[in-house]
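Here the protein sequences come in this chain order: A and B.
When we follow our numbering, the leftmost residue of the first sequence carries the number 1, and every step to the right adds one.
When we follow our numbering, the leftmost residue of the second sequence carries the number 1, and every step to the right adds one.
Please keep in mind that the hints were generated in silico from the structure rather than gathered at the bench.
Do not rely on the hints blindly, as some may be mistaken.
As the list claims (entries may be wrong) - Far from chain B, some chain A residues (derived; all Cβ distances over 12 Å): (1) Ser13; (2) Ala58; (3) Ile173; (4) Gln175; (5) Pro189; (6) Glu231; (7) Gly236; (8) Leu250; (9) Leu254.
As the list claims (entries may be wrong) - These stretches of chain B come out as covered by chain A in the derived footprint (C-beta under 8 Å, 3 or more residues): (10) 176 to 185; (11) 236 to 250; (12) 254 to 261; (13) 306 to 315.
Stated by the list, open to error - Have a look at the derived ranges for each label pair, beta carbon to beta carbon: (14) A:Glu78 / B:Thr105: 55 to 65 Å; (15) B:Gly215 / A:Ile177: 15 to 25 Å; (16) B:Ala302 / A:Leu234: 45 to 55 Å; (17) B:Ala34 / A:Arg9: 55 to 65 Å; (18) A:Ile177 / B:Arg186: 20 to 30 Å; (19) B:Ala302 / A:Gly146: 27 to 37 Å.
Where a beta carbon is used, it is the ideal one built from N, C-alpha and C, also for glycine.
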Amino acid sequence: MDHLMIAGRTFRSRLMVGTGKFSSNAAMVAAMEGSECEIVTVALRRVDVDNPHDSILAHIDREKYLLLPNTSGARDAEEAVRLARLARAAGCEPWVKLEVTPDPFYLLPDPIETLKAAEILVKDGFVVLPYINADPVLAKRLQEAGTATVMPLGAPIGTNKGVRTRDSIAIIIEQAIVPVVVDAGLGAPSHAAEAMEMGADAVLVNTALAVARDPGAMGMAFKKGVEAGREGYLAGLGRQQDRAEASSPLTGFLGS
Amino acid sequence: MPFQQTLDSYNLAEVEARIVAKRPADVEAALHAAHLGLEEFMALLSPAAAGYLEPMAQRAHRLTMQRFGKTILMYAPLYLSNECTNGCRYCGFNAHNEVPRRTLTLDEIEAEATVLADRGFRHLLLVTGEAPKAADNAYLVAAVERIRSLFSSMSIEVYPMDEPGYRRMIGAGIDGLTLYQETYDRGLYAEMHPFGKKRDFDFRLRAPEHAAAAGMRRIGIGALLGLGKFRVEAFCTGLHALHLARHFWRTHLTVSFPRMRPADGGFQPLNPVSDRDFVQLICALRLLLPDVGLVLSTRESAKLRDNLLPLGITQMSAGSCTSPGGYAEKDESGRQFIIDDDRSAAEVDAMLRSRGYDPVWKDWDTAFHG
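One chain only, chain A, in its complex shape (with noise of 0.2 Å):
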């Protein structure tokens, strides 16, 4: 089976679903049920973790999904580091999706605190899952640092506009030697398609869900997405033809 494994943990789905932006818990239920992931992304500073009957919390069926905080809001890698230790003092398990956005306008990341708190993270013992701009280095850098994924962005949060980072998604995806979840920005199956066919080896889905007019029904539709795009990748995609070969020879030499 094709199974994806992150920090020595397998899990049969390749979408990460989030939490913000639903019309209702319901709404938010029936998108993760319909998507059938099984991880599942909630921003710290929504939730009181300390409280089992949070509105949030109490509709994520733990034994089913993996409940993955956030540290989105964070401004810095201090505020981020508080944020995870408080979640893990509060019972959650050690994985943290690290969201270090300072820019409050298009939501994206701080390249030097990320990395600074996912050096801190995982010294701390955190299975660290950073989100970042398709920055190949800095994925390279986070890798080195020992993070277990590295989660570049398809484009700004929310914008739904695909994977308008394909150039530099497609470096990451070639050199990484951790899971590359392409996350943020995909706003339709299709893209979470693309991002799969790229050879991805997940993608983290919201707002596309939250805003749908039936956000059950859209989870279905990117599950959908992400496996035909991830059967098509491994079934050994057809080649666009490259352009004519030039005509002068150069094994000429050789003879017949």
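Using the hints provided, position chain B relative to the given structure of chain A.
Frame of chain A, contents of chain B only:
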């Protein structure tokens, strides 16, 4: 994860069978792939790809133009010592061979280095056998310090070391390592290296990783062609390069394809590699590794070197002598092997220019060492 684990996860007989099973359709698909995976690489190494040498060469040429332009880095080997305690069956320095043995003094090294510097060389490769009593780390450091001011970049092709050993070399001013595994086939390796420290396959295999971890800027790998089956050796070389590139991404890699030459001792290649096979192998490696430097030494004939030039070569030696003291004294007894391209450095420079290539003599600066 050390490369040894990756290599050991392959059964080389199965690898060969998989390569041989590739069909022309696989080759065509590989020729049009944006990035080559291992399956595509196998296809290009297959017997089926022999019918596609021209399109492979064209693509290798285009890729090399795109990534490197029409430039060739010039370097020269400087043999410091031919004393050796190893028994490599194919090598002219084999401890059993009765060749005049010699380890250059620091004055002799400087005399040799001055000849090469006067010829214009700024990239130097220091070569020794493996004889800890004659040429050890301290000897290498002293040699480097003596001639450092004459060159921009100095590499070593000597016995494998551990990480502290390579740190010491880097501290002295070495920025490059060349270390051929000879063969990636453990069984054959054991046969070829009946005694001496070099018998330790795993230590040799690990050494490029030790060097990279120590911060070595440039690392060159390769298999000695003529020992194992070339398709399998080329596959393993590609696998090795990919591993190093992924795990030590700051390191600049080069790959060489030394084809066995007649050497004192009379060893005959077990699996001779024809010119056609050689071209196929060079092109396949270029297509797998678009950014890796490909090195062609004077082991090959002048005519063949000129013809191989456009296929992906980025680095060449010229006017080489493979015996210690051979440059200053013009005495070639005690050589490791007989070179085939005996043109002078100036002649190779002129040939490159006449073909529209820019011979690059200096592509590094000692200022980087601080």
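Would you pick out the hints that fail for this structure and give their numbers low to high? 3, 4, 7, 8, 9, 10, 12, 17 and 19
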